[in-house]
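Full structure from sequences and hints, please.
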Amino acid sequence: MVAFAVFALVVVFCLLAPFYAAWAGVNPFKSTLDAVITLNGQSQPVMELPTTGLALGYTPIGPTWQLGNYFLGADNQGRDVMARLLYGGRNSFAIAGAATAFTLLFATVLGLAAGFFGGLTDTVISRILDVLWAFPVYLLAISLSIVLITQGISIGPWVIDSGSLLLPIFIIGVIYIPYVARPIRGQVMSLRQSDFVLAAIGLGAPSSRILFKDILPNVATTLIVFIPIMMALNMLTESALSFLSIGVQPPDASWGTIIQDGQGLLYTRPAVALAPGIMIVISVLSLNVFGDGLRDALDPRSKIKLRRG
Amino acid sequence: MNQTEGRARFGAYETWYRITGDLNTGKTPIFLLHGGPGAAHNYLDSYKLLANDGRPVIHYDQIGCGNSTHLPEKGGDYWTPQLFVDELENLIDHLGQRAGFHVLGQSWGGMLGAEYGLRRPKGLKSLVIANSPASMALWTSEAMRQRSLMPQDIQDALNTCEASGDYDNPSYKAATDWVYARHVCRVVPNPPEVVASFTQLAADPTVYHTMNGPNEFFVVGTLKNWDITPELHKINVPTLLISGRHDEATPATVQPYKDLIKGASWMIFEDSSHMPHVEETAFCMGVVGGFLNAQDRTQHINPEKHMKKLLFATAAAALLGITPALAEYKSEHRGGTMRLVARSAGGTVDPHINYTLQYWQLYQSLYDGLVAFKKAAGAEGFNKVPDLAEAIPVPTNDGKTYVFKLRPGIKFSNGQDLTVKDVVASFQRIFKVSSPTAGGFYSVIVGADKCLAEPATCTLAGGVVADEGLGTITINLTRPDAEFFDKLALPHAAILPADTPAQDVGSSPIPGTGAYFISAYDPNKGMTIERNPNFKVWSEEAQPDGYPDVVQYDFGLTDEAEVTAVMNGEADWMFDQPPTDRLGEIGTTYKDQVYLNTLTAWWYAPMNTNIAPFNNEKARQAVNFALDRNALVNLFGGPVLASPICQVLPPGFPGHVPYCPYTKDPGEKWSAPDLDKARALVEESGTKGQKVTIIAEDNAVSKAIGTYMQSVLTDIGYDADVKPISSNIQFTYIQNTNNNVQISITQWYQDYPAASDFLNILFGCASFSPGSDSSINIAGFCDKDIQAKMDAALLQGVTDPEGANKVWAEVDRAVTDKAPMAALFTPRHIDFVSKRLGNFQFNNQFYWMVTQSWVQ
Chain A
0 MVAFAVFALV VVFCLLAPFY AAWAGVNPFK STLDAVITLN GQSQPVMELP TTGLALGYTP
60 IGPTWQLGNY FLGADNQGRD VMARLLYGGR NSFAIAGAAT AFTLLFATVL GLAAGFFGGL
120 TDTVISRILD VLWAFPVYLL AISLSIVLIT QGISIGPWVI DSGSLLLPIF IIGVIYIPYV
180 ARPIRGQVMS LRQSDFVLAA IGLGAPSSRI LFKDILPNVA TTLIVFIPIM MALNMLTESA
240 LSFLSIGVQP PDASWGTIIQ DGQGLLYTRP AVALAPGIMI VISVLSLNVF GDGLRDALDP
300 RSKIKLRRG
Chain B
0 MNQTEGRARF GAYETWYRIT GDLNTGKTPI FLLHGGPGAA HNYLDSYKLL ANDGRPVIHY
60 DQIGCGNSTH LPEKGGDYWT PQLFVDELEN LIDHLGQRAG FHVLGQSWGG MLGAEYGLRR
120 PKGLKSLVIA NSPASMALWT SEAMRQRSLM PQDIQDALNT CEASGDYDNP SYKAATDWVY
180 ARHVCRVVPN PPEVVASFTQ LAADPTVYHT MNGPNEFFVV GTLKNWDITP ELHKINVPTL
240 LISGRHDEAT PATVQPYKDL IKGASWMIFE DSSHMPHVEE TAFCMGVVGG FLNAQDRTQH
300 INPEKHMKKL LFATAAAALL GITPALAEYK SEHRGGTMRL VARSAGGTVD PHINYTLQYW
360 QLYQSLYDGL VAFKKAAGAE GFNKVPDLAE AIPVPTNDGK TYVFKLRPGI KFSNGQDLTV
420 KDVVASFQRI FKVSSPTAGG FYSVIVGADK CLAEPATCTL AGGVVADEGL GTITINLTRP
480 DAEFFDKLAL PHAAILPADT PAQDVGSSPI PGTGAYFISA YDPNKGMTIE RNPNFKVWSE
540 EAQPDGYPDV VQYDFGLTDE AEVTAVMNGE ADWMFDQPPT DRLGEIGTTY KDQVYLNTLT
600 AWWYAPMNTN IAPFNNEKAR QAVNFALDRN ALVNLFGGPV LASPICQVLP PGFPGHVPYC
660 PYTKDPGEKW SAPDLDKARA LVEESGTKGQ KVTIIAEDNA VSKAIGTYMQ SVLTDIGYDA
720 DVKPISSNIQ FTYIQNTNNN VQISITQWYQ DYPAASDFLN ILFGCASFSP GSDSSINIAG
780 FCDKDIQAKM DAALLQGVTD PEGANKVWAE VDRAVTDKAP MAALFTPRHI DFVSKRLGNF
840 QFNNQFYWMV TQSWVQ
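In order, the protein sequence lines correspond to chains A and B.
Counting from 1, position 66 in the first sequence corresponds to residue 65 in numbering that gives the first Met the number 0; the numbering is continuous, with no gaps.
Counting from 1, position 409 in the second sequence corresponds to residue 408 in numbering that gives the first Met the number 0; the numbering is continuous, with no gaps.
No lab work stands behind these hints, which were simulated from the structure alone.
Worth double-checking, as some hints may not be accurate.
One side of the interface only, derived from the structure: several residues of chain B facing chain A at Cβ under 10 Å [claimed, not checked]:
id: 1; residue: M284
id: 2; residue: G289
id: 3; residue: G583
id: 4; residue: T588
id: 5; residue: Y589
id: 6; residue: L595
id: 7; residue: G636
id: 8; residue: Y707
id: 9; residue: M708
id: 10; residue: S710
id: 11; residue: S725
Beta carbons are placed, not taken as given, at the ideal position from N, Cα and C, and that holds for glycine.
Below is the structure:
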């Protein structure tokens, strides 16, 4: 529960991003190289050229530790890192959340169909999932991204524009389908042989009724346990892809892109890369702890194990 | 910065001075001699920035002006150079600085500085002569020449009023203002410190009128016959000359200083006139500060008795590429292993195929052509000298036939003798291996069209003909080509052994005739270069002997690791430009190991003239007006590392005439973006709200520029986004029309110094091939009138290079007006070297001359 509270707190903060930006009077998506702020009564440019030596390099201001006034400093476009961090969190969560929903939806449908109908349906679906699963996750994500990010995608009437956030959602959603679909399929197959399902079949209940009334409620707990785990996994994947410039596209931000911006400033302004890194650690850790807790709470067998132990 | 003012008694009068910094820091102070005469210290204020290094900077007002005693009653016999020399000596003693000091004089102050220097005063460590003529006769004649190039109405106003002596006439004032804004100070309106000097000069013009005259180009005072050239040889301290490209003190007026002061270095600021310290402040401070630091360092290490060595060493150590052209070989520095590092290898080692700066730089000491670019520092490196050929021939047959005589006795590194057969085979091989420039550069040779069609059976029959008996090679062209010698001096025309395989050799090195050869090469690990045992110097200018015995080039480090390796002395030089994040540290703690040089290159944003929205000229111009070049310069690393531009040809390039229509107050120089105009143009063009995608590279700088441009394009009304794609594919991706790239960010570095290499290559109709990955006219720009003009200029260049350059200047303007691109900035190149590396020399054609530096 503590873990969930921590996670919820982070989400709430990120949701407040527009209010923070408005309050601080900054636009986190516009280059403001010539911005000047007031710091301890003195005006200070956000981007500075050194005045000593050969005057090389252009350095953004470091953390001021004053909320609303470049709290975490600026990035190399003179943008407020704190505001970007909050906006970036929204994107990271949105992508992770939507991708999780996408994965779970398709994984459930495929898992149910393969597990329940078996035979040819199972063979076809399982082999497709095998092929998808055979690729290393990141390799597949990167190759999909390179193609899709430059060209966009159009499936029938749906066109996803190349800069859209839907693209990373789609990419991440797709690559993790086997990860969820296969355990669901296994569970459905065993449920298919259980007495109450056989009884239902024997009573002549239609497949749809059996699927939705008997089987789905029984795999629901598994699905619920998957939600935080997939969220955490998707956040990491999103950050990794964005870090490799193939996820969220500039000037939009996600924690991954902010880390990438910060990589170029690691030597002079480490806060730019560290801050989103810490946020990812907090979010993923809390989600994982929460996921573990949820599994323990929902899984009757683990309770028995506990008692025995 | 701490400033103290004071007054020094000078006879019955007083000299006012101001010290910026602290005289007791131990760093050698610098005295600043202002110009005018009588202009006072004010306009030199920015030189106080030299104090940022801890160096005390002393400004003072010469007697008769500013805060010092005014003497309006004194006549012409009183105001002599000797008076001001005495005053300076008095001030130095008054401040107790006799032990050691530098002197910088600007304009008249530089003339005074030279007068002072030739008297060999005790304690003078070095001299900087800024924007000064060596004689007033030269000054006057150059002023007249400059005047003859001015618009007629300006000339008329000047002539009429000067004839009648009516110097207060408003039209005269307007004309002089026009001239001052071009040749005295190009920052208009003048900054306050410059205005202050002019104001005080007007209030008491005694000294100026007595010694000079009513204005800058009308010298009738006592200095009228001043000429220091006969005595310049007496100056025996390291001397730095600086001047501006648009300076009223033209290069011709400065030249005697360079010729007659031993070891003098000279830096011309391309974007400046008479006040580089105001017009290019940061760069100017970098140059002067670097020079002074180098003097302090060298003189600290070497005791005074080694004066001769010291002179050489100081000149050589002078930062920022202002190094002497050719120097005698210092055998005491011969030997050792030089260690170079780079992120990755430069690809195939084949000199006929490789087209990278990385290896072209190395090839200079490995291979030779019939002719070569001179191995000399600075712009002298643009000159061609005979290399394997005994002389550069005068073409016959209406400029279509060249006869080269091969030097005898030259051997390849494998011991084989060089013969005319090797030359013929090498020219055939350019086509057989399909060299990337075979079609572009060498198609002018007779028989080349057949070779391009069927490379495998290329003979170049009738094109390249050898006469074994005479040892000559005759090259016949299909038409005259003004740039043929440039092309022959490139690595793609290197002469290789006749039995070299007629295919890309990949990673097996080919023997060459240079001072070194590649003894090992693994593109994943590194390259080893050793001395060619069969090499004997035949021409110092074409192929000099080198210093290190071995050059070890390691690949595979990140640029961060490269910086650290050089800092720790584990490597002597890094190929890649240091990441922006480390620049601050390099520019301060390691500033003595940094060399900065202006490149004949540009960063630009080609706009596709064939698809919306940039098929609309107004839309393209809008982008040009909107971009803040200063912001772009800063993203690249600051004004020391780049200069804003609006046109195609970079400063210092043949045909370059400053031109900038896309700025607030259009004229010669970019000053500020004009967003209102940009928005209006977008509105007029009817392209508002259209989607624009900027294709940048995924490295830090290109991505930062892309992100910034996205912000600007959004601001002027487009729905813009930016896509950084891998540097490995971006350059070919943006060339291919199938990718429908609207606007991108890229760079172009010259192959050789000719205007056509920018204009005809990047914006010529022939360089546009739709659907191909190599369509270097990225904008797809093809304007019949402009192309006709380029063709005419190419032809005229054969007989009349000067006249052709004038045509190229017109082409430059025409292309800039049509705006198939937004010119962003001219970059400068950073060479970051180890502490032990000496004799750094930067050749403008092929950059740092690797083996001309020593490591011991």
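Going through the hints against the structure:
no.	hint	result
1	M284	holds, 7 Å
2	G289	holds, 7 Å
3	G583	holds, 4 Å
4	T588	holds, 8 Å
5	Y589	holds, 9 Å
6	L595	holds, 7 Å
7	G636	holds, 6 Å
8	Y707	holds, 5 Å
9	M708	holds, 9 Å
10	S710	holds, 4 Å
11	S725	holds, 8 Å
Going down the numbered hints, you'll see the structure goes against none, and every one checks out.
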